[in-house]
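Two chains, two separate frames, one set of hints: put the complex together.
As you go down the protein sequences, you meet chains A and B in turn. The numbering used here puts the first residue of the first sequence at 1, with every later residue one more than the last. The numbering used here puts the first residue of the second sequence at 1, with every later residue one more than the last.
Be aware that one or more of the hints could be misleading.
[As the list claims (entries may be wrong)] Between beta-carbon pairs, the in silico distance windows are:
hint : chain 1 : residue 1 : chain 2 : residue 2 : range
1    : A       : W25       : B       : L154      : 50 to 56 Å
2    : A       : Q273      : B       : T71       : 35 to 41 Å
3    : A       : I294      : B       : A193      : 43 to 49 Å
4    : A       : A206      : B       : W79       : 57 to 63 Å
5    : B       : K296      : A       : A206      : 22 to 28 Å
6    : B       : K296      : A       : F68       : 46 to 52 Å
7    : B       : T61       : A       : N166      : 28 to 34 Å
[Stated by the list, open to error] One side of the interface only, derived from the structure: several residues of chain B facing chain A at Cβ under 8 Å:
hint : residue
8    : T34
9    : V38
10   : G87
11   : P90
12   : R123
13   : A268
[Unchecked claim] Partial pick of chain A residues on the chain B-facing surface, computed with a CB cut under 7 Å:
hint : residue
14   : L122
15   : T124
16   : I127
17   : L152
18   : I239
19   : Y240
These aren't lab readings, by the way, just hints derived from the structure by calculation. Computed from a prediction, not measured in an experiment: that's the story for all the values here. Think of the CB as a built atom: it goes at the ideal place given N, C-alpha and C, for glycine as much as any other residue.
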Amino acid sequence: MIDTPVAPPQAGTRPAAPLRNYESWIRRAPLVPALVFMFVVTQIPFLLTLWYSFQKYDLNYPTAPRDFPTIYNYKVVFDDPIFRAAVVNTVLFTAAPVILSLLFGLGIALLLNRHVFGRGFLRTLIISPFLVMPTAAALVWKFTILDTTFGLLNYFLRPFGVHNENWIGSFPQATIITFLTWEWTPFMVLLLLAGLQSQREDILEAARVDGAGAWRIFRSLTLPMLRPYLELGVLLGSIYIVQAFDGIYIITQGGPATLTTNLPYYIYQIAFQGFNIGQASAMAVIVVVATILIATVALRTISSLFSAEGMRGR
Amino acid sequence: MTVLPMRGPFKRRQRTATERQVKPLTRLLLGLLTWIVVVAFFFPVLWMGLTGLKTEVNADTSTPHFIFKPTFSEYTSVWKGAGGLNGMAPYLEHSLTITLLATLIVILLALPAAYALSIRPVRKWRDVLFFFISTKMLPIVGAIIPLYIIAKDLHILDHERTLIILYTSMNLPVAVWMLRSFLLEIPAEIIEAARVDGAGVIRQLRSVIIPIISPGLAAAALICFIFSWNEFFLAVNLTTINAATMPIFLVGFVQPEGPFLAHLSAAATMACLPVLIAGWSAQGKLVRGLSMGAVK
Chain A
1 MIDTPVAPPQ
11 AGTRPAAPLR
21 NYESWIRRAP
31 LVPALVFMFV
41 VTQIPFLLTL
51 WYSFQKYDLN
61 YPTAPRDFPT
71 IYNYKVVFDD
81 PIFRAAVVNT
91 VLFTAAPVIL
101 SLLFGLGIAL
111 LLNRHVFGRG
121 FLRTLIISPF
131 LVMPTAAALV
141 WKFTILDTTF
151 GLLNYFLRPF
161 GVHNENWIGS
171 FPQATIITFL
181 TWEWTPFMVL
191 LLLAGLQSQR
201 EDILEAARVD
211 GAGAWRIFRS
221 LTLPMLRPYL
231 ELGVLLGSIY
241 IVQAFDGIYI
251 ITQGGPATLT
261 TNLPYYIYQI
271 AFQGFNIGQA
281 SAMAVIVVVA
291 TILIATVALR
301 TISSLFSAEG
311 MRGR
Chain B
1 MTVLPMRGPF
11 KRRQRTATER
21 QVKPLTRLLL
31 GLLTWIVVVA
41 FFFPVLWMGL
51 TGLKTEVNAD
61 TSTPHFIFKP
71 TFSEYTSVWK
81 GAGGLNGMAP
91 YLEHSLTITL
101 LATLIVILLA
111 LPAAYALSIR
121 PVRKWRDVLF
131 FFISTKMLPI
141 VGAIIPLYII
151 AKDLHILDHE
161 RTLIILYTSM
171 NLPVAVWMLR
181 SFLLEIPAEI
191 IEAARVDGAG
201 VIRQLRSVII
211 PIISPGLAAA
221 ALICFIFSWN
231 EFFLAVNLTT
241 INAATMPIFL
251 VGFVQPEGPF
261 LAHLSAAATM
271 ACLPVLIAGW
281 SAQGKLVRGL
291 SMGAVK
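So that you can see chain B by itself, here it is in the shape it has in the complex (with noise of 0.2 Å):
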């Protein structure tokens, strides 16, 4: 599935000397098509957070306007709840308990088992580190009956806890992998020596590990968080009131009657914002994160 570009009528061309050094004519279009292609890509986000600002009589129209005088009184709307619709409130708090708190368990979990990986290696440690990886790529669907099932039984349909522990288990391999890649590059000789000087584990933890992984560890938060935040299948699945979260807020929006947009486009934005700060404000760790620490 490898994909690799075709091999164009280019091949036959040979450059000359001069053409090698690209024209500034060229530079400034290829410019131009990075901002038309980037722009492009970003626009349905421009439109989300512009819609939401706009009054509802402006956003339904079937010619967008593009000059408008903004307001946040959609926002206002979204947050209180209007029209029979649910003020967001309840679906945050449940969003960040959930969040935080499954993002806080995969930490304590996640960083011992990458330290029992990658400094002072079990016997096996290849194959936990195969188990763990190959969670992931088993199908949340195949799973998702007994876990609806068992939650039924044991009261615990539609309450924080549920997702809080399948967040934990969705994105543990995520941090185990990714905090092994981030010990792994603390130098052997360190520890050595903070050994030698008679620390023991812990004290070797907190004042020479945790330091200098603590980027590793702020990346790997961030990306649980991100991915926890973002996900509907076992929200929509598991939860109704009680401990539902922003998408299925969001999904509240699907059958409405009469004008919605601004309305939509407002609570989507709102329901976005968290993810897209921590995203933008650690985008030089994203990489690792997202390729489990395989791409630095």
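This is chain A alone, in the form it adopts within the complex (with noise of 0.2 Å):
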């Protein structure tokens, strides 16, 4: 891994030899059971996920014979048309809301710098949807927003002439980045305000001083200060939204047809549903090898960003 974090201030003198063996043992026993743990509970299943992908494993014949090794799961994983649909739709409803929430983001976080009347009151409303359990969040949004019948939604566009539309139905992948839109806004307004909290006042007042313009003080030197914060937002968005599951389970089932069936919720149907665990598996493993993929980029990315000084916001 390219770049470090922020090394560890020395408490002492630091040995220019190598730590003596058993001196180097108390250094590391604090830090055993946490890798201990992580390791067993964390790695053990990706290798057993691999061990499985390879085998004809269905819950529903456990007793056919398995013919491991087979590489007949990936074959009908990669002919699966679902699947292809599923790689489509992951990308979709990752990019989508990661892109949307960080504008909204921007814009409330830019809004709530300013001395508004109820500032403290406004940011705690802000964080609510992200606090809210997103099971919950999607049950109200499905039935007392949404719904065709008894949803706001309507109530609120029917001066409009829009009469009983069926939202979800008819707009199923808006209705899932929608959702996932708002679950995320407010997370990224904690992180653009605590940006632009760390702006410094007297360069601010230098560049009007001199003559510039809000938008060009906001295009030359917000912008580029907030880099970092709107870099870390598409990463920790990225990883988190991608694994979006709650939402479609609630709101589409992965519906109509495949339309919102990302992998995370392909992967449950194959698995829990269908009970073909080989297949499943061989899904799984894609899955995390192209997780790795795209991981290994993105951590060169964090670590350069925890490297730089001056993250600081309140």
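See the structure below:
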């Protein structure tokens, strides 16, 4: 890993020679429980997933021969049009909410960074969508807001000539994107607000005195300064949103047809509704490999972010 | 994927000295816009709370009632269970047990680990740090199938301890990164002084380090609490009744018969309240936790 996070300050002097054996074990001791725990709980399942993916393993036929090793599952997965659709949907349901929530987040953060009446109260309100249990939020959106008959949206749009629109059925993908954007905008607001508050007032004042307009200040001072915060938002947002499951499970169940089936939901369906362990595992392996490739790039970004001094807000 | 605002027509416009002073009217309009946007984002949460205070007759209408006489009758019926639906108490108990124990274990494991990655760092501390965060990047679907089969074979499917272990692993990397960022802020001289005074590692921890980073510990615990409380994917796949958590309780409302909006909203509000209160009261620390200590 090329770059590094901030180096720890040394308490006392660091010995130039390698630590003696027992001493280095004493240093390691506090780390061991956490490390072993994480290794066992996160790495062993992944190895098992890999192992299952080379077996014809179906819980409907637990005694059938498993033909280990076989690449049958991978053939099935790559020939599966639903899998390809799920890949496309996963990209869509990650990229769109990340970009949209960043844009909304930036706008709201800029608004909240001004002197506005009731600022603290508004800040409390804006973080709420992120804190609310996604399951609860999805149910509320589905049944009380987007519902054809009882939905608030249809009520609000009635004066504009919209009558009993079935939002979820007619615009399933937009529904999921809207829901995820709503859920993640507060996160971006918090992040970018921290960035904005780390701006130095004297520099802004100097720019103003030099005759720079608001837009010029935003473009030449604020945005470059916000850049690491925006990158962090993209990175962390993607890590979490790519795994989106709750909203899809509750609002659309992946449908209509496969329009809102993303990879987590499809793997869930194959494994826990179809009980085809082998095929689901093959898909999971493909997802993990793809994630590792993307995460390698992401880790490089994050490491340079963490090494950059001066990420300070409040 | 970095998003930059477009260069709009504003670019051409040269602002005059008087324009730069934001006019009172502009300020008023911007303030109004802020309120409208924020309230719009908050609205679904508000509506959830309001609908929960209605009677079922008032809630299930195509023309919503904004003025009504609030009642806690649906809260009572959610708590007790009504119309073939389960009561909330057992789910709440599972959620509390699982969340609190997972959070406690996370802190107990993360604090020493963060210590060994900051104050007295092990030799390959960078690799270890990145191992922790890399586990956070791997999708949980990659592990769910073996987790299910292992739990089934060990007969711990639908047991609280299964979710406790998994929620611990889910939050441990976040807590390690976060606590490390707090530990790095302790001036080395303070620890050095304690050591010169003859304090052992345990003494240093107890009387110097922990008091200083207690806000950090609280923030880490809060983040673990939020993520565990709201977790759904593992809960829905690995529990049915005996360890089912609050999200599972709510999903029980997905295919109901008859009117249920007030009942649902009351249940959803109760499920969200603990995290909302925790999050609201600790908003200053929230961003640091969510960014794993990167943003202060």
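Going through the hints against the structure:
One distance hint, 50 to 56 Å for the beta-carbon pair W25 (chain A) and L154 (chain B), is violated here, with the actual separation near 32 Å. Evaluation of the 35 to 41 Å hint for Q273 (chain A) and T71 (chain B) yields a pass: the beta carbon distance comes to about 39 Å. The hinted range of 43 to 49 Å is satisfied by I294 (chain A) and A193 (chain B), whose Cβ atoms lie roughly 46 Å apart. At roughly 60 Å, the beta-carbon separation of A206 (chain A) and W79 (chain B) lies within the given 57 to 63 Å, and the hint holds.
In this structure the supplied range 22 to 28 Å holds for K296 (chain B) paired with A206 (chain A), their Cβ-Cβ distance being about 25 Å. Hint check: K296 (chain B) to F68 (chain A), Cβ distance near 51 Å, so the stated range 46 to 52 Å holds. In this structure the supplied range 28 to 34 Å is violated for T61 (chain B) paired with N166 (chain A), their Cβ-Cβ distance being about 18 Å. Given hint, T34 (chain B) at the interface with chain A, holds; its Cβ is 4 Å from that chain's nearest Cβ, closer than 8 Å.
Because the closest C-beta pair between V38 (chain B) and chain A is about 5 Å apart, less than 8 Å, the hint holds. For G87 (chain B), the interface hint is violated, the least distance from its beta-carbon to any beta-carbon of chain A being 17 Å, above 8 Å. The interface hint given for P90 (chain B) is broken, as the beta carbon of that residue sits about 17 Å from the closest beta carbon of chain A, more than 8 Å. The beta carbon of R123 (chain B) comes within 7 Å of a beta carbon in chain A, closer than 8 Å, and the hint placing it at the interface holds.
Taken as an interface hint, A268 (chain B) checks out: its beta carbon lies about 4 Å from the nearest beta carbon of chain A, inside 8 Å. Below 7 Å, beta-carbon pairs count as interface contacts, and L122 (chain A) has one with chain B at about 5 Å; its hint therefore holds. Annotation: T124 (chain A) was flagged as interfacial toward chain B, and the flag holds, the nearest CB pair being 5 Å apart, inside 7 Å. Against a cut-off of 7 Å between C-beta atoms, the interface hint on I127 (chain A) holds, since the closest Cβ of chain B lies about 6 Å away.
With 7 Å as the threshold, the beta carbon of L152 (chain A) comes within range of chain B, its nearest partner Cβ sitting at about 6 Å, so the hint holds. Against a cut-off of 7 Å between C-beta atoms, the interface hint on I239 (chain A) holds, since the closest Cβ of chain B lies about 6 Å away. Below 7 Å, beta-carbon pairs count as interface contacts, and Y240 (chain A) has none with chain B, the closest being about 9 Å; its hint is therefore violated.
In the structure shown, a violation is registered for the earlier hints numbered 1, 7, 10, 11 and 19, in ascending order.
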